[in-house]
Amino acid sequence: MIKALLPHPLLAAGLFLTWLLLNGPVSAGDVVVAALAALTIPQVMRVLEPDRSGVRSPLAILRLAGYVAVDVVKSNYAVATLIMGRKRRVRRSGFIHVPLDLRNRYGLAVLAIVLTSTPGTLWVQYDRPSGRLLLHVLDLTEEDEWIELIKGRYESLLLEIFP
Amino acid sequence: MSAAAVLFWGLGVAQALLLLSMLLATWRMMRGPRAQDRILGLDTLYLNAMLLILVHGMRSAGGLYFEAALIIGMLGFTATVALAKFLMRGEVIE
Amino acid sequence: MNTPSELPIWAAWIVVALAISGSLLALTGSVGLIVFKRFYERVHAPTLGATLGMALIVIGSTMFWSFVEGRLALKDLLIGVFLTVTTPVTLVLLARAAVYRDRVEGDDHIPPE
Amino acid sequence: MINWQDHLIVVPIVLPLAAAAAMLLLKEQRYRLKALISLCCLMALVGAAYALLHEAAVGGPGGDDTARVYSLGAWAAPFGVTLVADRLSTLMLALTATLAAGGLLFSLARWDRAGPRFHALYLLLVMGVNGAVLTGDLFNLFVFFEVMLAASYGLLLHGSGEKRVRAGLGYVAINLTASLFFLIGVSLIYGVTGALNMADIADRVATIPAHDRALFHIGCAVLGVAFLVKAAAWPLGFWLPGAYAAASAPVAAVFAILSKVGVYVILRLATLLFGADAGASAGFGNLWLLSAGAATVLFGAAGMLASRRLEQAAGYAVMVSSGTVLAIAGTARPEAVGGALFYMAASTLAAGALFLIAEVLARGEDQAVSPQDAVFDDEYDDPFAADDVQEVGRVLPASTAFLGGAFILAALVTISLPPLAGFAGKLTIFAALLSGSGVLSAASWVLIAVLTLSSFAALVALTRLGVAGFWKREGAPPLVHSPEFLAIGGLVLCCLWLSMGAAAGLTYADKTGEWLATPRDYIGAVLGGGA
Amino acid sequence: MPHALLLLVPFGAPFAAAVLAIFLPSRARNLAAGLAWSASLIGLICLAFLFPAVATGEPVRWSTPWMPTLGVNFTLRLDGLAWLFAVLVQGIGALVVLYARYYMSADDPVPRFFAFLLAFMGAMTGMVMAGDLIQLAAFWELTSLFSFLLIGYWHHNAAARDGARMALTVTAAGGLCLLAGVVVLGRIAGSFDLDVVLASGDAIKNSPYYLTALILILAGALTKSAQFPFHFWLPRAMAAPTPVSAYLHSATMVKAGVFLMIRLWPVLAGTDAWYVIVGSAGMATLLFGAWSAVFQNDLKGLLAYSTISHLGLITLLLGLGSPLAAVAAIFHTVNHATFKASLFMAAGVIDHETGTRDMRRLSGLRRSMPVTAALAIVAAAAMAGVPLLNGFLSKEMFLAEAVAHTGGRHLNLALPVLATVASLLSVLYSVRFIHQTFFGPEPVDLPKTPHEPPRWMRFPIEVLVGLCIIVGVLPAVTIGPVLAVAVRSVLGPEVPYYSLALWHGFNLPLLMSAVALIGGVALYKVLGPRINRSDRPWVVGRFNGARAYDRVMRGFNLAAEWIVRRLGASRQQARLRAIILTCMLAALLASGLAGLGFDEAGLTVQRPGLGFTLLWVVGGACAVTAAWQAKYHRLAAVVLVGGVGLVSCLTFVWFSAPDLATTQMLVEIVTTVLLLLGLRWLPKRLPGLTTVQEAKARRRRLTDLAIATAAGAGTALIAFAVMTRPSGSPLAKYFLDHAYSEGGGRNVVNVLLVDFRAFDTLGEITVLGIVGLTIWALLRRFRPAADSLGETEQKRIQNDSDDRREDRAVGDTLSETMLIPRVVMRWLFPFIILLALYLFLRGHDLPGGGFAAGITLSIAFILQYMASGARWVEERLRIRPLVWIGGGLLIAVLAGAASWLFGYPFLTSWFRYVDLPLVGKTPLASALVFDAGVALLVVGATVLMLVAIAHQSLRKSRAAVADEEAA
Amino acid sequence: MEVVLALGIGVLTAAGVWLLLRPRTFQVIIGLSLLGYAVNLFIFAMGRLRAGAPPVLKDSGPVDPTAYADPVPQALVLTAIVISFALTALFLVVLLTSRGITGSDHIDGQEPGE
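Chains as they are written, first to last, in UniProt numbering: chain F, 1 to 163; chain B, 1 to 94; chain Z, 1 to 113; chain P, 1 to 531; chain R, 1 to 967; chain C, 1 to 114.
Don't read these hints as lab results, they were simulated from the structure. A virtual CB, placed ideally from N, CA and C, is assigned to each residue, including glycine. There's no promise every hint is true.
Said to hold, decoys possible - A few chain C residues that don't get close to chain B, going by computed Cβ distances all over 10 angstroms:
#1 D64
#2 E111
#3 P112
Claimed, not checked - Pairs of lysine to aspartate or glutamate, EDC-like flavour, derived with a Cα cap of 16 angstroms:
#4 C:K58 - R:D845
#5 F:K74 - F:D139
#6 R:K733 - C:D64
#7 R:K684 - R:E793
#8 Z:K75 - F:D30
#9 R:K205 - R:D108
#10 Z:K37 - F:D139
#11 C:K58 - R:D737
#12 R:K448 - R:E561
#13 R:K684 - R:D787
#14 R:K684 - C:E111
#15 R:K448 - R:D535
#16 F:K151 - F:D101
#17 C:K58 - Z:E105
#18 P:K163 - C:E111
With the rest of the complex left out, here is chain F (with noise of 0.2 angstroms):
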């Protein structure tokens, strides 16, 4: 019942959301539109996405962000100190490949928005079969750092939201 009505509850939630957003102080009239656009909107994803994406455990969810948002900053210096940086010291820069245990096209694509919204990284490549990232990075300064800092801070959190 619940599912024939909501196909993706948290779609219908953001689209709800959304609306109200967009329309600045709530009325009424806009929660009803709104309520209706939530209902009514995500029944298209019945023939895109027919599988509901099972997201589990918001609290890594929260982990994870509150990650990303450190690691932005962070990394945002980082560059930009690289760019605007005076005495320009060698760096390198340069392809490494990562081997992931993520399987989820969800989370591979959390994954790559992560990365590639950090400065410094890049999602380039990924070979379905092997499992295997080709991510460039900016300023490689040691190969199994990077690495580890993937698999270990980003991977197993979303191997928890998205088993």
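Assemble the complex: chain F is given as a structure, and chains B, Z, P, R and C must be docked to it using the hints.
Relative to chain F, chains B, Z, P, R and C alone:
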């Protein structure tokens, strides 16, 4: 200095910075040397334009430019994705 | 310019500071776009503006509008959310395409598949 | 209750639009139903056009000339968009409806299946033309021009094939450029006068400050160039013969009216904006129109002489006819304008008929309509394959004789030989050019010489082509299906009817000339309010 | 029946009969001939009844308005001259019909022939009975037209086609001049009515436009009556069936020119110009025709040139300008008609019965066809001017006039001599005609065995020859009264004395006649055989009018081609250049070269801000680079155009146009995708392909650069001039004032679009719909070029590399590449729909609207297509863009038409605040429905455009696969 | 401000016209796009430049027309944008078809000298 003046000048500086940034992105678009550099330049240009619209909205106290910014934020990537996909596959829709 | 005057001066300063620092970050990103020598380095640069720079300005904007409208006006945050989600799509695809092109042309710096 | 009579004026726009929209909801293969719909729609359009024409001819309650004004959205001029049906626009309406009906009828034999969605595009083209001639608003005119042009792009390419695509590419490029000029002109006029409604602009022309007038004139000149491109004036109309000759016959026939829309607008705006009471702008551009028109006539005449195919000659004939009206518009003599309008009506119908005849004659020759040349894939191997399955028309034994007769009549009108309508029109022009007391201007003589020369060229060209097409022809007579028969016959009959009713027609045209010469009435009718 | 209505019969009967005849079955020759015969007979009878009325001297008139605005009436006017000509036309017409019945083969589809003949007869009658100059010119051209059809009747024969074309070209061209001439004449006289014109002779002759009118009218008359140097069409017209020649070239067509000159003789003749032009043309034609006739070997050719000569004679007489000469001209016209018609018919009989018309092959026919021979001899004698025959009488008058005019002018001195020479020549060719055909030994080797023609075929000749004799013997009794009436109608009451007696005593003309007769016979004796041996006339043989005509026509053609080539443009670039240059020139001229009024207008300039300047540095740089790169780096150009679009979007933001910024941004995105879709099908273009024409190309580029710079500078200047002027549009004020109170919306731009100017929007979405349809139609038949066929290079390489690795399947690279984008793009889909809904609902009050919503929604679709491919999407989402387009249009139209129900004009919007439960007060406007239609259509059209292009690669790869399988 | 925008329009026009006169279809379509922008801005400029005065009414009550930018040119530009977008798409498809059928991307549909 009144709040209005602070905002006017401060946000003006921000705008100028963003426009400078756009100028640099344009340079990348013009110079290339390769197609991916140009696309990257365009992507940067979009981003800066969006920020510019936000700042402009504050500066002129007009809440009416929000949609334009939202559209760049939400849909602007369509153009650059299409370009990138064209590079990758030689066609946009397969 | 008819800037509203109901903004407290301190708030105005904060907004301005946020906006300027955000813009500076964006500018830094663009400078990176120019000074870096290789595409794979350049591609990192605009992320500055797209992440923290954007975030600062969006926060500034949210703050500004909340003061102006006298309520919590959070819709600018939506821009931040969507931009965060969409920018990587472009960059990932672009980097992938660049790798492909370089490989075809036989660039040694690119690891083979 | 609804007083349908009040809304008659909007019918020529809304009806084809609604019909076309409805047709899009139908499956593609339902040709018969679509043909029926469009036929009914065009019949209704003919009816509406003639009703409006009649009203314009009869005049207002006092018997004097008036214009029917319709304010869309109930926003009165100059604020809303207004439709104006006066003598000139209803004339164009009637002409369009007639020609379009002829073309459609012709297409029913086979052409409407040579590509998808022919009927919808066709009706939308008619809608565009109707809108362009009815509207009283400059920007709305642009919109309807675009409707018309967009549909014409589609129709020009109807049937595909190398020749059409090649011609279409140039046609689209040039018309897009012209459209940009159109926009520049309109906006510049708005920038200077602050008005978009034609009557409103005309009302303000006299009071434009001196330092703004140059800008206003530039706007009008750029706008004029856009229309002259459409009207195929020299040196802007080189695209026309090739494009029209490449188009499929029913399309080419209805295209004959498209260039006249350009002429119509020129005539409308020149009389409205630069009439006698336009202050410092009075008579602006007349000399250019005159020279461009004369050059067009000469060029078109030369083109006819140089043509080796009938459809090409017909294309040049369209140019000649446009050029004639333009040159006469440049003389700004009301009587001559009346004659030119009558001539325009007749020559346009005749050109339409010529295009149709050319296609029938070309059958069996190595023509672009042969399946080898056209490019069709999965759905169509041959545009006319359907003919083999179900014969629509029957082969008429006297087809050649009939075609020959039709050709002669159409050619007579085109050459403007007596006693048909082309002659009456040209005669009126001559008489008007030579009228008046005092010494005649050199321009009058030059125009008479040019027009006579063009008649001569048309005579030589059409005789040659006719002889080649009918008398030299070897082998079996061309197949004419009954709808084609009806279409050609109908158009030619219309020419004949115009000639028979020359008295009424000329009176109408003459009064139209007078009406155009007194733009105050038009302005008063539009700005004075309306339905 | 009143006389006036009786007039209609001889004019109308032939036309009516012609219409009937055309519908007869093609083998009904008796019926057709009978119809034609009775039509002309009825006409003749009516004419006979009318004679008494005409004889009173007052023309019989019947009139009805034709072109009232010009004062042109359709007037039938029968006076003496017209009566005479009408009788000729109808009488000889009747005889020719009878003759033709037997002449034409049973296999010929003669009803058509008779129809043309009848129509010609009607046109001719109409011309002679015209009471209005315009009407006269109109029927004049009709006779040209029908003669064309008659001459070309045997159109399978090339000679007939060429002859017909030539005749039409020359005579109709003359007719065009005539038309111009009569208009000028009418302008001078103040009316086209013949009576008025004839009454204003002095005014005409004194008018400054007299010469113009004269030359134009004579151009018509002289071409029609085959005067030198326009004579050449007449011999060529002999390719017509003989009845046609007998009719057209004796009594009717060629006499039209003569008729016109007689008709206008009172108002045009008598001046020096008239004398010089008409007189010399007539004299030249008289001699040239006669001389050429002598050398013809074809019977009809001889008769044709003799006709030319006799027409010259008549023209000369008219040119002399004296009343007596005019009388002689009228008289000779009648005489010539009778004897020449009979001669043509005789020639036709000979042709018909022997199968040839070559005089060198014919001989001694008097034995096998004695009656015909006798008739032909008499007619030829009349032509030669033998006494007791009608030809003699009028020739005597001519010679008398020639003598009378001696002295004074140059031409006059030579006139008697030349007249005698001409007469001598006419005797010579007449003798040659008779002698070689009917005398001498039995003919050998003829295609047919000659014998007398059928009884009724000979009958018309008998009648005509009889007339020749009767008139010749008893002129005063037979032709006298008729001629008197005719002459009076031309000359008015002051008719000079003339005598139609056979014998005028021994006088100079008689002597000249005798010299001519004797000399002619003698000359034939001397030169006969030598003439037979020459294939073209001596001396003048080099002058070939037809060849000259050919040269002139070819010259016309070459000139035309030159004009089309040189003054036209066949290349697209040249056309565009012409258009742009013209536009620039027009703008320049329109400005009056006086500047844009900066001084007076008083500039109000805002100081340029740094930011905005920087913005446009970006925009300008993008635009220039795009222009630079568009040839070899297309992708770069697309990217840079995107930059320009972004800058213009920001400009809209800068200057208070949020709606524009939104829409521009959306369109920008879609356009980029669109251009990219197209790029795939364009050929690879690599720089460095230098050609020999490099220098030329560089020059062209420099020119274009100059044009472009000038265009840019001009536009900038104009834009600047307008922007710096104070604005005072009352429209803006009105719209701002009424948008909320009457339009129900705060976003004035949107209210403009869906209410004030909704009609524009309706048109605009129609354009979009049409474009969608067109694209769809075009692409259904799309065929890519050979070098774009198959898969793209990228796909091939990636698929190959997938193939090489064992753990991967073909297409994995794609799916891995798109792994991340797919997730994001799919989950964005509902959010974009939400955005579209948001834009749509708030449009009326805030930036947004149906169009923006529609484009947004279509971008949502495009993203899905890009992420997952066309097939994947279409398996899941049912997309029927055409239905959306149609539905959108229909909704918009119905929303507009709904206002009819309330008695308001189309598209009148209606809005109201409604209290909804929960929601509260909500504005409801019919404009919203309209906007919904807009949105629906926009989605349909945009998706259609993009998807239709995208589908091509899908289809082509499928086709390629099919090909491989087949191979 | 006016100077800058006028110059901008001028540059766009010049670039567009130059491309319009080039022989390759792709150059022409880019040229038409650029000209389209130029014309849109030109129309927009005809309403004069007003910063910070979008024609969206702030509150009901009497309207002060001087406080808002001229909405008419904006409406016109909106229509023009849509139409020029549609026609660009159309031109693109026509040029693709031409290229497919004739094998050439020359604006004449054939290579010069053929």
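Hint check results:
no., hint, verdict
1, D64, "16 angstroms, holds"
2, E111, "24 angstroms, holds"
3, P112, "28 angstroms, holds"
4, C:K58 - R:D845, "10 angstroms, holds"
5, F:K74 - F:D139, "13 angstroms, holds"
6, R:K733 - C:D64, "9 angstroms, holds"
7, R:K684 - R:E793, "11 angstroms, holds"
8, Z:K75 - F:D30, "14 angstroms, holds"
9, R:K205 - R:D108, "51 angstroms, violated"
10, Z:K37 - F:D139, "14 angstroms, holds"
11, C:K58 - R:D737, "12 angstroms, holds"
12, R:K448 - R:E561, "49 angstroms, violated"
13, R:K684 - R:D787, "9 angstroms, holds"
14, R:K684 - C:E111, "15 angstroms, holds"
15, R:K448 - R:D535, "25 angstroms, violated"
16, F:K151 - F:D101, "9 angstroms, holds"
17, C:K58 - Z:E105, "59 angstroms, violated"
18, P:K163 - C:E111, "15 angstroms, holds"
When held up to the earlier numbered hints, the structure conflicts with 9, 12, 15 and 17 and fits the remainder.
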